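Asks: Since chain W is already given, all that's left is putting chain X on it; use the hints.
Chains as they are written, first to last, in the working numbering: chain W, 3 to 360; chain X, 3 to 360.
Rather than coming from a laboratory, the hints here were simulated on the basis of the structure.
Predicted model, so just to flag it, every value in this text is computed and none were measured.
Just so you know, not all the hints are guaranteed correct.
Put simply, identical chains are the same to the list, so a pair is met inside one copy or across any two.
Below 20 Å or equal to it, Euclidean Cα-Cα: the simulated SDA-like pairs (lysine to any residue) are [as the list claims (entries may be wrong)]:
1. K236 / Q225
2. K236 / G12
3. K36 / V330
4. K38 / D62
5. K236 / L11
6. K36 / S321
7. K38 / S346
8. K282 / T345
9. K38 / R332
10. K236 / P124
11. K36 / R332
12. K318 / R96
13. K38 / S321
14. K36 / A238
15. K282 / V344
16. K236 / G122
17. K236 / A157
18. K318 / R93
19. K282 / K306
20. K38 / A238
21. K236 / R14
22. K236 / D13
23. K236 / S37
24. K337 / E347
25. K318 / S88
26. K236 / R96
There are 2 protein chains.
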Amino acid sequence: MIEKLQVELGDRTYPIFIGSDILHQSQNFVPYIKSKQVLIVSNVTVAPLYLDNIKSVLTDFQCHEVILPDGEAYKTLEILNLVFDSLLQNRLNRQVTVVALGGGVIGDMAGFAAACYQRGVPFIQVPTTLLSQVDSSVGGKTGVNHALGKNMIGAFYQPQCVVIDTNTLNTLDDRQLSAGIAEVIKYGLINDLEFFVWLENNMQSLLNRNPESLRYAIKASCQNKANVVAEDEKEAGVRALLNLGHTFGHAIETNEGYGTWLHGEAVSIGLLMAAILSYKQGWITEDDKNRVQQCLASANLPYKIPEKMNADDFIKLMSVDKKVKDGVIRLVLMKSIGESFVTSEYDHSLLIETLNGV
Amino acid sequence: MIEKLQVELGDRTYPIFIGSDILHQSQNFVPYIKSKQVLIVSNVTVAPLYLDNIKSVLTDFQCHEVILPDGEAYKTLEILNLVFDSLLQNRLNRQVTVVALGGGVIGDMAGFAAACYQRGVPFIQVPTTLLSQVDSSVGGKTGVNHALGKNMIGAFYQPQCVVIDTNTLNTLDDRQLSAGIAEVIKYGLINDLEFFVWLENNMQSLLNRNPESLRYAIKASCQNKANVVAEDEKEAGVRALLNLGHTFGHAIETNEGYGTWLHGEAVSIGLLMAAILSYKQGWITEDDKNRVQQCLASANLPYKIPEKMNADDFIKLMSVDKKVKDGVIRLVLMKSIGESFVTSEYDHSLLIETLNGV
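One chain only, chain W, in its complex shape (with noise of 0.2 Å):
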């Protein structure tokens, strides 16, 4: 069984397909290939998994690829100029199909390659891990890091198409799986609570990878964002309500170095940073903030602050972020499981608490 969610987005609205074993057919990729030309961009850990998969149902195209280190210490504008070598040393034109094959990383990197590669080749995410699934193939945004701020160089920029392997999963480590899990939670806590309630009755099935409770939680999450990202592609309004959980989250990233914890791990504890402001300033219940808790601790994920960072430590971090505005940090809080708001009026008092871990 094969899933297709439309992502509308005008003259740029493309499909996700989401299903099992769905790699292997070709009906996914062919017709969204523009020309002969493809490079597929993978890393070291995912392409002995996957390339040939992919390169089976390519042969009558001219295949190329390229082959990144694994990590988001590689997300770099360094590495990203191996893909142009690549594509240049291919003297591949304007209509060269780019291939991402991979997690998040590679889906960022290749994407804004595809978007700066001659001003902009069509390309296909192919994602590899749940997060990836449900988070960064899906709206656009692609990039790669400075040291100075994560995600901080990039480009909107959509795919062509989407095509979302369940089985891909089955080679993912349990940590990764459940750092995917707490973008799937997060959507929950935007503005879908029977999601939510869904995902504290069904948690342990995820974490047991079964196929149908992946597609389920992947569908919702992916509806969730293209919803969102249709409404606000360039993230002038709703679109910042995705980022509840992340200012907090790339603080931690970048204090803590790029892979030391998993993105999802980071947006965990940003997660429930973000419940105990709610809770401090009295907008959700303590029995809500409980409950964000034990739905991460249930998917094994982590939740406290990393113990040598303070509020001096997020505050110089968090204010380089994309949300910030005019040296205010606007943030997401929720009033409710299931109702997240942008805001700029929060007692900043409580949020050094919070920081602090207090």
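Replies: For chain X alone, coordinates are given in the frame of chain W:
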């Protein structure tokens, strides 16, 4: 006197102001800046001449600056990163306005940095060379070079406004002025016979930097380019005409190493090559071909192929040009002076003859 043109691009429409001594007029800048934060990007040659001018009209803003080395050789990802460093070190946010103060290299790099920083911040073009005033500052092409090809990494990204002060041309050396005139001549050749005739009759006045003549030539050039860009922002069709002379010119620049030839000088040679091939095809008369050569010569521009380049060198370099589609090199050639067209229907042996300079 100040001329105002509009580049019509829907919600990305923006004005071009052209006049002498207009860098001092705050109304050309202030309405186009979104927040208090401004980063001026300039180079070591231009900054000492005009940076203070700009800062004097931006006293109400927090003005930061980053000064890059001067020259096409520095139009790289590595140097671009200095702009990102400055943006992040100064903690500039998504509302910062980037001001490009300099020639085409500065405009392309500052524009691309603005396109990528936090996935897009506003920018203003203040071109200070004739080449950038009539070409690169209009139309939203931004980017950097790669060792294997010119302008291979970039974005289509439109400024908030363009401020062209013809007085800045008084500090431009003669060689740079002539290089700019190559692009001016190009507009006449593409689709404006009347303007080409004006250039034949007024070249000395332009070389003497007569302000009226400069304003007329810049306005006519910008208007020609704006019309084409409005019709085809992303170079899906008619915009390719603007590359008249450029496919040859880029090959010369790449072969000789960026910086050996000024861009406009390479384009000048490319324009005559396009005229020669068009003449060999029987599409233009010998008289027209000679008029092209005489016009370039009257502007003190080179028009002979570098001696060490042969057809093989050209073909290799032209094959990575962005105009290549499925291996066929598409060229902009002429039916007459003032009527150019894009074609791959030329006689390959005549192309080889042209490339070999025989």
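Asks: Now tell me, hint by hint, if it's right for this structure.
Replies: Going through the hints against the structure:
no., hint, verdict
1, K236 / Q225, "within (18 Å within a copy, 30 Å between copies)"
2, K236 / G12, "both (14 Å within a copy, 17 Å between copies)"
3, K36 / V330, "between (45 Å within a copy, 16 Å between copies)"
4, K38 / D62, "within (8 Å within a copy, 54 Å between copies)"
5, K236 / L11, "both (11 Å within a copy, 18 Å between copies)"
6, K36 / S321, "between (42 Å within a copy, 19 Å between copies)"
7, K38 / S346, "between (50 Å within a copy, 19 Å between copies)"
8, K282 / T345, "within (15 Å within a copy, 68 Å between copies)"
9, K38 / R332, "between (46 Å within a copy, 18 Å between copies)"
10, K236 / P124, "both (19 Å within a copy, 14 Å between copies)"
11, K36 / R332, "between (41 Å within a copy, 18 Å between copies)"
12, K318 / R96, "between (41 Å within a copy, 17 Å between copies)"
13, K38 / S321, "between (46 Å within a copy, 16 Å between copies)"
14, K36 / A238, "between (31 Å within a copy, 14 Å between copies)"
15, K282 / V344, "within (16 Å within a copy, 66 Å between copies)"
16, K236 / G122, "both (17 Å within a copy, 9 Å between copies)"
17, K236 / A157, "both (10 Å within a copy, 16 Å between copies)"
18, K318 / R93, "between (44 Å within a copy, 10 Å between copies)"
19, K282 / K306, "within (17 Å within a copy, 75 Å between copies)"
20, K38 / A238, "between (37 Å within a copy, 19 Å between copies)"
21, K236 / R14, "both (13 Å within a copy, 14 Å between copies)"
22, K236 / D13, "both (15 Å within a copy, 14 Å between copies)"
23, K236 / S37, "between (29 Å within a copy, 18 Å between copies)"
24, K337 / E347, "within (13 Å within a copy, 65 Å between copies)"
25, K318 / S88, "between (38 Å within a copy, 17 Å between copies)"
26, K236 / R96, "between (24 Å within a copy, 12 Å between copies)"
The structure shown violates none of the earlier numbered hints.
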